[in-house]
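Note that the protein sequences, when read in sequence, are chains U, C, G, P, X and D.
Under this note's numbering, think of the first position of the first sequence as 4, with each following residue one higher.
Under this note's numbering, think of the first position of the second sequence as 4, with each following residue one higher.
Under this note's numbering, think of the first position of the third sequence as 4, with each following residue one higher.
Under this note's numbering, think of the first position of the fourth sequence as 4, with each following residue one higher.
Under this note's numbering, think of the first position of the fifth sequence as 4, with each following residue one higher.
Under this note's numbering, think of the first position of the sixth sequence as 4, with each following residue one higher.
Hints listed in this document are in silico derivations from the structure and should not be mistaken for laboratory results.
Source: prediction; values computed, not measured.
Warning: the hint list may mix true and false statements.
For identical chains, the list gives no copy identity; a pair is met inside one copy or between any two copies.
[As the list claims (entries may be wrong)] With a cut-off of at most 27 Å between alpha-carbon atoms, the simulated BS3-like pairs for lysine-lysine come out as follows:
| id | residue 1 | residue 2 |
| --- | --- | --- |
| 1 | K142 | K154 |
| 2 | K28 | K314 |
| 3 | K13 | K133 |
| 4 | K154 | K121 |
Protein chains: 6
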Amino acid sequence: MTLINQLREKDEFVGFYLLKELDVKQTNATPPKDYFDIVLCDSSGQLPAKYWDVSAADKETFFPMGLVKVHGVVQLYRERLQIRIMRIRKSTPEDGVSVTDFIRSAPIRPVDLIYAIKQAMDSIADPEIKAIVSFCAAKVEEKLMHYPAAKTHHHAYFAGLAYHIARMLEIGDFICRQRPFLNPDFIKAGIILHDIAKPEEMIAQLGIVSEYSLEGKLIGHISMASNWITEAAIRCGIDLDSDRVLGLQHLVLSHHNLGEWGSPVQPQTAEAVALHYIDSLDAKLQMVEDALDTTPDTETWTPMIRGLENKAIYRLSI
Amino acid sequence: MTLINQLREKDEFVGFYLLKELDVKQTNATPPKDYFDIVLCDSSGQLPAKYWDVSAADKETFFPMGLVKVHGVVQLYRERLQIRIMRIRKSTPEDGVSVTDFIRSAPIRPVDLIYAIKQAMDSIADPEIKAIVSFCAAKVEEKLMHYPAAKTHHHAYFAGLAYHIARMLEIGDFICRQRPFLNPDFIKAGIILHDIAKPEEMIAQLGIVSEYSLEGKLIGHISMASNWITEAAIRCGIDLDSDRVLGLQHLVLSHHNLGEWGSPVQPQTAEAVALHYIDSLDAKLQMVEDALDTTPDTETWTPMIRGLENKAIYRLSI
Amino acid sequence: MTLINQLREKDEFVGFYLLKELDVKQTNATPPKDYFDIVLCDSSGQLPAKYWDVSAADKETFFPMGLVKVHGVVQLYRERLQIRIMRIRKSTPEDGVSVTDFIRSAPIRPVDLIYAIKQAMDSIADPEIKAIVSFCAAKVEEKLMHYPAAKTHHHAYFAGLAYHIARMLEIGDFICRQRPFLNPDFIKAGIILHDIAKPEEMIAQLGIVSEYSLEGKLIGHISMASNWITEAAIRCGIDLDSDRVLGLQHLVLSHHNLGEWGSPVQPQTAEAVALHYIDSLDAKLQMVEDALDTTPDTETWTPMIRGLENKAIYRLSI
Amino acid sequence: MTLINQLREKDEFVGFYLLKELDVKQTNATPPKDYFDIVLCDSSGQLPAKYWDVSAADKETFFPMGLVKVHGVVQLYRERLQIRIMRIRKSTPEDGVSVTDFIRSAPIRPVDLIYAIKQAMDSIADPEIKAIVSFCAAKVEEKLMHYPAAKTHHHAYFAGLAYHIARMLEIGDFICRQRPFLNPDFIKAGIILHDIAKPEEMIAQLGIVSEYSLEGKLIGHISMASNWITEAAIRCGIDLDSDRVLGLQHLVLSHHNLGEWGSPVQPQTAEAVALHYIDSLDAKLQMVEDALDTTPDTETWTPMIRGLENKAIYRLSI
Amino acid sequence: MTLINQLREKDEFVGFYLLKELDVKQTNATPPKDYFDIVLCDSSGQLPAKYWDVSAADKETFFPMGLVKVHGVVQLYRERLQIRIMRIRKSTPEDGVSVTDFIRSAPIRPVDLIYAIKQAMDSIADPEIKAIVSFCAAKVEEKLMHYPAAKTHHHAYFAGLAYHIARMLEIGDFICRQRPFLNPDFIKAGIILHDIAKPEEMIAQLGIVSEYSLEGKLIGHISMASNWITEAAIRCGIDLDSDRVLGLQHLVLSHHNLGEWGSPVQPQTAEAVALHYIDSLDAKLQMVEDALDTTPDTETWTPMIRGLENKAIYRLSI
Amino acid sequence: MTLINQLREKDEFVGFYLLKELDVKQTNATPPKDYFDIVLCDSSGQLPAKYWDVSAADKETFFPMGLVKVHGVVQLYRERLQIRIMRIRKSTPEDGVSVTDFIRSAPIRPVDLIYAIKQAMDSIADPEIKAIVSFCAAKVEEKLMHYPAAKTHHHAYFAGLAYHIARMLEIGDFICRQRPFLNPDFIKAGIILHDIAKPEEMIAQLGIVSEYSLEGKLIGHISMASNWITEAAIRCGIDLDSDRVLGLQHLVLSHHNLGEWGSPVQPQTAEAVALHYIDSLDAKLQMVEDALDTTPDTETWTPMIRGLENKAIYRLSI
């Protein structure tokens, strides 16, 4: 089975792919005819595809995010590769293929990421902080296995959020050793909690966010996490006015640093300052790494990256 | 007893005043001598005052926010009136004077303001919204009788917050009648809740804010109120994910309209839009009215007003 | 006759509609054929339509903003309804239909709006202010019956400007009673004059603005109205330097509040502050109300609204 | 008579100077004694001065902006020169000194500047443009002889406005010859009219602005000039809607280029673009030239200049 | 041979044109057929063109920026003129046509512009400044004959950069005579050096920039020129810390005035201030002049101009 | 000898201190008398001091940044400690005290910092990059032993710059191991070069910056370092257009990320993105750590910190 990023012009191939996008369109003929405007993907990349002469049954059969077996030919259309689909059918259990093999995903297995996050959570010394972090993490336990960290901004793939958290924990661990005046419990808690409400802010499937939830739009993940901390403290019988609760809410509320970036308060504890800059460092470098990874080796420039002042990244030849 | 704003140059007078500010300073003599640099006020205004030849006992006796009886003379110093204090003593219970008679205050009695607010609260039809509003209002019930709405920005005086709420309720009532598509329950609830955490965000005495509380700095009144709504819903057994809880939190979180003004989300319900603009209309007009009230009739311009693009207001002569 | 918003897929219908937009396009056939790409509307909404096989005579017959009788079929094209026009002809006087029945319009009849505005104008006590307001209003008397308040921003429909003025007068009346320090003459005059030059700033037909006038682009409605006040004072023999003329010009010039929003000076009288916030309150709430009205009841979110930080409005289910 | 900028430490001198500023202050002695805190100036510069042991009569005699004869000694106080006044009296007509000899002033005589401006005005070919320019210039004819162009920003001295206009006319003349597509009538008219209302916007004496006028604050010189053009057209019987009137108002209204700099519309004619950039070039270079002129030759850096991004200017040694 | 801007609907013509843009597209037929989507231009303007039924050989023959002989017909397509190409062939040396006759170009011959620039360079009195300017200019000597000053912003045509420099030298010369405190050597040097690295920042052919160079993206023309001055000083044996080298680098580095416009330092010498405003005046007026020149005389408004706050320019009818 | 931060009210003491600031002021007596307004410091902190009855000889003897032996008494003045100096003399070589013992300094010895930096430099694998880094570092070798990283912003003390570089190298080392796609040579080079010109941008003594150098103002440390790289490449015979030179200049030029923060280009290589965020993380955390270190343990809030959105940092009590 040929990977998407190995298909070349005029190749004829058969293989399984994920129907990432599917639109029914019409030709300009009179009368117009329906055809499928499709995006096929696997874990190596994606290509546009056309399936002409669509039947009424086809329109009831194929939907986005389904696995299909495709017999196709690769053509060049306006200087870009495009697949002309000759035959297509839905995959069946007998095919033995799994959707998760066809999507973009964090480079580390979700179970390992979750394990690393749990390890960090367990190592929190303060029992009240640990209790609050555990309560909040439990709310999204299942989703943390596969949710992305954002719609497109950064870590926008399967298990991207857990990957972001796990890597930030590594940096946090290093910085706490380099600067012992930082409280490691708050650093760990802040890293785990800062985006913990994102799985409820967004609606995602297989690491791809389709839209924001109602709560995501009206409240936002920052205030949602702050409310969860309030709920956690009440459920666990922890004083709502304690420095621990205050400190955790402050970490979450201030981690975007500025009002125009969504934080109603600015960082005012050492750990809140550290959290914001660790978050930036990891998110920005991941944007760069992902852009370079998905740009063919033959290109010296990546596409423009929104989160990096809309600049492209150049591959220095050294 | 002469009111502050009726004292004229060379007047000699005896009366009770509030020691609003008091600093111990030293003359440039060798050796330097201590004197008091004082601000005396009553409900009509305030004047600077000097008390020379302060004794060690005086320094243990007089403190800001205390009532004093003063025998003084009014002098002109650098084109401004200033009081030279000849004699001063603390007021005693026998004097029969009360601090609240000497401070700037909303033009309506606190009990009447609280009554109006309670009336509005009682008229909320939806029992869950009413329960949440009541729970949050109960948290600051006592403070609502006397807290200002802000440190200096607007309604910065005794019972200023209750006055702000009561007047907004009047506007809200009018707008709901003019535009029946608005939900009056949410409008009332939004008006009562939008600044409800301010008494815990600031530390105030007699309507004068001395500083922000720790919680006020690290969380801010907007997120505090959002957390209170979470707490209220839990305590009252109301579903945290219901449109009611979401709608109330959204009203509170969005009422500053923009991220740079402190709102983590922007208004996205009809009532949230209404709340922000009713709040602006009342706050800005109160700034104007208060500035005109405290500017002598003989002046055509008020001092500059921060909340109005730092502009002064001109009294048109018509 | 079926209203636009009641047409369903596969309906065949005959009725009168307004040709809101009409473009002649060409198919991709060789040789290409002309067809009409049309938007049909009535007061309930609008739908796209196609008329294939256009003749040379058709191209001389049909133009935007004309009434037509259509025999059509409703089809689904890319998940949206679209009309396929079978037959079309221009309406004739005998049809007894009037363009104004087919356009979006303020919910109150223009004559009633104008009556309300005239009532307010008549109630201005100061004769000089009344004279200036009358002079300026007379300049656009006819256009005030039907002009919108803006191209798209708010009140963008037939008689939208008069509706905006009439509603602001209601709010102004309430606020003047709530805050007696405001001068009702200036409030009324400011509300009537603030957008009075808009009918000369824009070129509109049936409430739809096609473009800005030359004067609108080079001078803008704010400075135009200021110049009209100068003209009015000269024509009526009123002193150009009087506080009345100054006060009225200041109201007009400052009502956008900030330089970046088009006001060369910022509000510096009580009435100018009031005017800006009454204007905001009415315009923003109208944007919300209109967006909700034109969004099908089955949708919980309106489209995004430019004037509201580009946010959509959610219909709370309570 | 020694010029201010030639006085050195320990000099004893007698001469005539302008009392630019005078404050009555009090010593810290008990009882405090009055003294004068003074700024003496002549056309070469200014120095602070102290006059101790002020009598009641002195306080009735000396006022700012008056000429005085001073017998003084130069002292060093905190590393800066300061005059200790031994004797002081007001100048009398017999002294034969004139205030205008003691103030900072444009380097060209006002009559010559006015002559140059009138020449330019006379050379306007279009009779309607000439009539409007003449009408507006006549309104401030007397003040144009001595008004500054701004309070502090640029050309802030005697006849500074006329100097600014005259120099811009030179640049305008050059640019019209370099780029013949520009209309010289509009360029001349725009240059003369752009700041023509400044003498009514500010209250100045001897080139020193004390404050803004009421009209200056509520209307601003840009809209005032626009209103004057309206008035001129009416008085001269010129059509208010003609391209000439529109073009002139557009020049005036747009010459600050951006809304946040006070222009309600942005330049949209060739001459309006030229006017803004000619204005900038002249104003900015004059700021630099004036700063260098008033900085002692021994200093390599001028003070910081507000209008130049708050930067100081360095004197390159070449 | 008919000029592009004289072609009218239904004209049939034969002539030489430049193939400014060429895309191979496909029709919607089944199977799709290739056609050329073309832009033809000459020095008078440009028009879109279609060439149907493209052969495989054609695709190997025609490329952008080549001269062709065309037999075509002018048609109206969606209210705009479009050429239908009947026959097309590449021009040959025998045709005696030259690409430079078909492109937009500065109104003065490159050799004359270069001559004027060299004259200015020769007139620099200071030998070290002259040496540095000469060294840097020599780096781009050949490209200065034809490079534009920018991709689209201003002077975006053949020899546009040299034209910009030459005209600025004229203004600089005038301003130095008007304000003798300016150093003419620095003014000339600043004008010649300020954009001297642009030919290495951009990749252009025939005055049309296709993209930025790697160095242009990573370093930018401002820092490139600064580095060239360093290199020049080293090569010519001039002290790197001298006021001359500092002064020249400062001119180059500060000429965009603000950090957000690309200047790492703000102007802090008289000549640097002058350079920025001379640059603005020339660039902005050229944008206006070019927009008016390329807008048909029958249109009163030019298209919107990015560099002028995105405003269009109106042709006043006087 | 008592450390500054251990002095308490009424203590009488003798010891060596650094005269950090010294102003000659005058009393208000008639005639006024000179006195010294002084700031005394040691490595533990600083206190204001007064020395009355200064003689003419004293004024010739004492200057800022000199070591003195003081006999003094601690007094309370306006609620703050202040030293009254009874006797004072300059320290002599016999006293055996060294200025460097009395100043604020990085917590690691300069020689160790320099050693760490040199180690990193030596470990650069690419010989050309190593040569350029070495050349630039050699320019400031001596100053790197003691220069601060900024005037007040961060690391503003003895050897602060070397400390900043050394700590960033630690973070850079960690990040390169965590993300192997980063080139360690460029990361090391970027960290060492990014602020390498600061010792020539500022004039500092003992870690205290008194002002910016001429070159610092006119060129800025970012462009200075870029020029040094050009110089280094020329001196070492490295191709100015190589990716190595380009890559190093890009690192330096882009490390402030945005134009308004002083970077003429934005980061466009992976290492440039990493450099900016490593720089931010280290600088911001050092601001926090230094603020906490110099705030008495009894205070829960530090003073406001400019570089952290002007916020103070709270010491959480956990």
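To see whether the hints hold, each was checked on the structure:
1. With identical chains, the CA atoms of K142 and K154 are at most 27 Å apart within one copy only, with a shortest distance of 20 Å there and 39 Å across copies.
2. For the homomeric pair K28 and K314, neither the shortest alpha-carbon distance inside one copy (34 Å) nor that between copies (30 Å) is at most 27 Å.
3. In this assembly of identical chains, the alpha carbons of K13 and K133 never lie at most 27 Å apart, being 58 Å within a copy and 48 Å across copies at closest.
4. When the C-alpha separation of K154 and K121 is checked against a cutoff of 27 Å, the pair qualifies only within one copy, where the shortest distance is 25 Å, while the shortest distance between copies is 44 Å.
Of the numbered hints stated above, those contradicted by the structure are hints 2, 3, listed in ascending order.
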